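2 protein chains.
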Amino acid sequence: MDDITFAVLGTGGIGRRALEVSQHKDALTPVAACDRHGVAFDFDGLDVDELLAATEGNIDSEPRSGSDESNGDEPRDNEVATDGGTTAAEGGVKQHGEDKGVVASSQARPSDDPIQEVIDHGDRIDAVLLALPNYEHDFIPRTADRFAEGGYSGVMIDVLKRSRVIDMLDDRSEEFEEAGITFICGAGATPGLLTGAAALAAQSFVEVTDVDIHWGVGLKSGYEDNRGTVREDIAHLPEYDIETARNLSDEEIEAIIDDHDGVIEFEDMEHADDVLLERAGVCDAEDVSVGGILDVRNDEKPTTTTVRVTGRTFDGETATNTFQLGDETSMEANVNGPALGYLKAGVRRNRAGEYGVFGPADLMPGF
Amino acid sequence: MDDITFAVLGTGGIGRRALEVSQHKDALTPVAACDRHGVAFDFDGLDVDELLAATEGNIDSEPRSGSDESNGDEPRDNEVATDGGTTAAEGGVKQHGEDKGVVASSQARPSDDPIQEVIDHGDRIDAVLLALPNYEHDFIPRTADRFAEGGYSGVMIDVLKRSRVIDMLDDRSEEFEEAGITFICGAGATPGLLTGAAALAAQSFVEVTDVDIHWGVGLKSGYEDNRGTVREDIAHLPEYDIETARNLSDEEIEAIIDDHDGVIEFEDMEHADDVLLERAGVCDAEDVSVGGILDVRNDEKPTTTTVRVTGRTFDGETATNTFQLGDETSMEANVNGPALGYLKAGVRRNRAGEYGVFGPADLMPGF
Chain A
1 MDDITFAVLG
11 TGGIGRRALE
21 VSQHKDALTP
31 VAACDRHGVA
41 FDFDGLDVDE
51 LLAATEGNID
61 SEPRSGSDES
71 NGDEPRDNEV
81 ATDGGTTAAE
91 GGVKQHGEDK
101 GVVASSQARP
111 SDDPIQEVID
121 HGDRIDAVLL
131 ALPNYEHDFI
141 PRTADRFAEG
151 GYSGVMIDVL
161 KRSRVIDMLD
171 DRSEEFEEAG
181 ITFICGAGAT
191 PGLLTGAAAL
201 AAQSFVEVTD
211 VDIHWGVGLK
221 SGYEDNRGTV
231 REDIAHLPEY
241 DIETARNLSD
251 EEIEAIIDDH
261 DGVIEFEDME
271 HADDVLLERA
281 GVCDAEDVSV
291 GGILDVRNDE
301 KPTTTTVRVT
311 GRTFDGETAT
321 NTFQLGDETS
331 MEANVNGPAL
341 GYLKAGVRRN
351 RAGEYGVFGP
361 ADLMPGF
Chain B
1 MDDITFAVLG
11 TGGIGRRALE
21 VSQHKDALTP
31 VAACDRHGVA
41 FDFDGLDVDE
51 LLAATEGNID
61 SEPRSGSDES
71 NGDEPRDNEV
81 ATDGGTTAAE
91 GGVKQHGEDK
101 GVVASSQARP
111 SDDPIQEVID
121 HGDRIDAVLL
131 ALPNYEHDFI
141 PRTADRFAEG
151 GYSGVMIDVL
161 KRSRVIDMLD
171 DRSEEFEEAG
181 ITFICGAGAT
191 PGLLTGAAAL
201 AAQSFVEVTD
211 VDIHWGVGLK
221 SGYEDNRGTV
231 REDIAHLPEY
241 DIETARNLSD
251 EEIEAIIDDH
261 DGVIEFEDME
271 HADDVLLERA
281 GVCDAEDVSV
291 GGILDVRNDE
301 KPTTTTVRVT
311 GRTFDGETAT
321 NTFQLGDETS
331 MEANVNGPAL
341 GYLKAGVRRN
351 RAGEYGVFGP
361 ADLMPGF
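In order, the protein sequences belong to chains A and B. If you count the first sequence from 1, position 149 lands on 149 in the working numbering, and the numbers rise without skipping. If you count the second sequence from 1, position 315 lands on 315 in the working numbering, and the numbers rise without skipping.
Hints are computed from structural coordinates only; laboratory data are not their basis. Bear in mind that the values here come from a model prediction, so they are computed numbers and not experimental data. You may find that some hints are simply not true.
As the list claims (entries may be wrong) - Derived, one-sided and incomplete: chain A residues facing chain B with beta-carbon distance under 8 Å:
1. E20
2. T303
3. G326
4. P338
5. G341
Unchecked claim - Here are some chain A residues the structure puts well away from chain B; computed CB gaps all over 12 Å:
6. F41
7. G45
8. A53
9. P110
10. D170
11. E265
12. R297
Think of the CB as a built atom: it goes at the ideal place given N, C-alpha and C, for glycine as much as any other residue.
Generate the whole structure from the sequences, applying the supplied hints.
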């Protein structure tokens, strides 16, 4: 495959790590990175080391990494950072100074509307990784609208988790097709890597009766550094939802953590693996369950991340195929490698003229 | 995806089961099946039940199913059956009678050159599954040549095992591209399902250091019914090669089986998983090892078929991701489901104008 240029929107956990991982990938050249303060372009390839070093610890309102073995960045409301034009129109609260966010890099410059600048250079960008916070569920879909309206025709890819966002993107399918955009959604760990594994494991069967995704995450940096995403995960607990979790104080979150002795177990999470597998014809969404265990006080994973796909073979047997991630792989590794892998797959589709909305399972062998 | 029409060349184990499995798959319509005796066409969809029932036990020189957790049909020299025009040109030794092979089906009729007939109807056939014996390693490549020369532009797919055949197909890449053929090679269990799983499992890593594929097969029908493929597997043993295995008498094969108490272990098999993963940029071919255990006297698998992918993550950890097939899935299920899944993926590529030679890992997210 020819060289692929890509942009990263958002320089929080996902965005920064995607840039880092891309340095290990052939034929993948980061040419743009932006946050709400500014934008860096270099069409010969950004100097990722400089950019990461210059901005380390200097990312304003950095969206914390996802705390489950999933897709990261859905942080607190007030962390919605790279909202370019919208916030500008609301009064220009950006551009707090050249030493904030990406602008600390010598490759970057301040911008009133960094996203628009990326859109304006879209003809030189094969793919755009949306590493944006999405606590407001329509932020990524709205950003995609801007790209479509701005004449961008390439790949857009997100690593979102929640099922309802997929529906919002699906509603835009026709718009994307007309624009020539190939939108890959839910392409991190879960949904993403694990959804793809489920779609592949399903190939032994003529009917899939059950997909069980169970992740384990041990947060290296402890829960104090990850309150933002712990908050997001708390929204998945049965007693809470997005609204109530958003309104929790830090002290209340700490109290919840303490109540669980630092280990929180999640069941029946609203993860888009279900709708993505149904879209791909693998099984009914209701046959997919996603859960996991988050240990905020240990580095070790409290359980091995496992996908179990149970089905019936053409010759009448019932069996379970299993996919397991090594305990030593970090959530970050399992999000960003697959994201870039799906990005490559998306570019291939885009270059072949396939537009619209695709999930990870859509990029696997057909079921 | 729109409906897909496909043809099966060869009505041995793989061909028959592919027809059977396709009945469980949406949007997949078998429209042609042939063996060396004749050909059946129905562009509204073959009556698979009738065809399978009419030909059961009546398949002349039926290529036996592959005995390892792999891709079947590479039977004895004298089982090379569906060689259409070539054999006809050598003196018309086909058409032994209407009760032989596929011709026993009321949907089929005898033909002097069944493959040419399929080629002549190629404009109504989206994909061709080459379920042909390939003990002569160039038989499938030569058959592909006939399709390209005959003006076919669609998908061709095989479930071959040996690395050297991939090279022969690669040599034809330009020819296929010019013809508009999307050739998917090695798309059964291993290479195939397990190669794809390895490519997906690799996504956690920035460098893959080791891929270990280890299969277990328990032959339900016992070794007496499967001497042909046991013979093929014996060719993978260090003391034998294709030539020496071909020349073994049935008694000699039985003696080898007895020497091993019915359980033969294989190491460092010449399976194309290695070259297919290297093609896709996942790892070096030399870092891939394929082995397995064949138990010809028990139904149960002597070991669980497992893919282990070991690599280094971007954050410096070394880990192993694992994919396991349930012991209850038969080799047949693990070959034919993936073959049809990759066939669907191939048709999608073909319709998007992507031609040439693809392996299973090429159809996964990019590494």
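Evaluated hints:
| no. | hint | verdict |
| --- | --- | --- |
| 1 | E20 | 6 Å, holds |
| 2 | T303 | 15 Å, violated |
| 3 | G326 | 3 Å, holds |
| 4 | P338 | 4 Å, holds |
| 5 | G341 | 3 Å, holds |
| 6 | F41 | 24 Å, holds |
| 7 | G45 | 17 Å, holds |
| 8 | A53 | 16 Å, holds |
| 9 | P110 | 30 Å, holds |
| 10 | D170 | 16 Å, holds |
| 11 | E265 | 23 Å, holds |
| 12 | R297 | 20 Å, holds |
Of the numbered hints given earlier, the model fails hint 2 alone.
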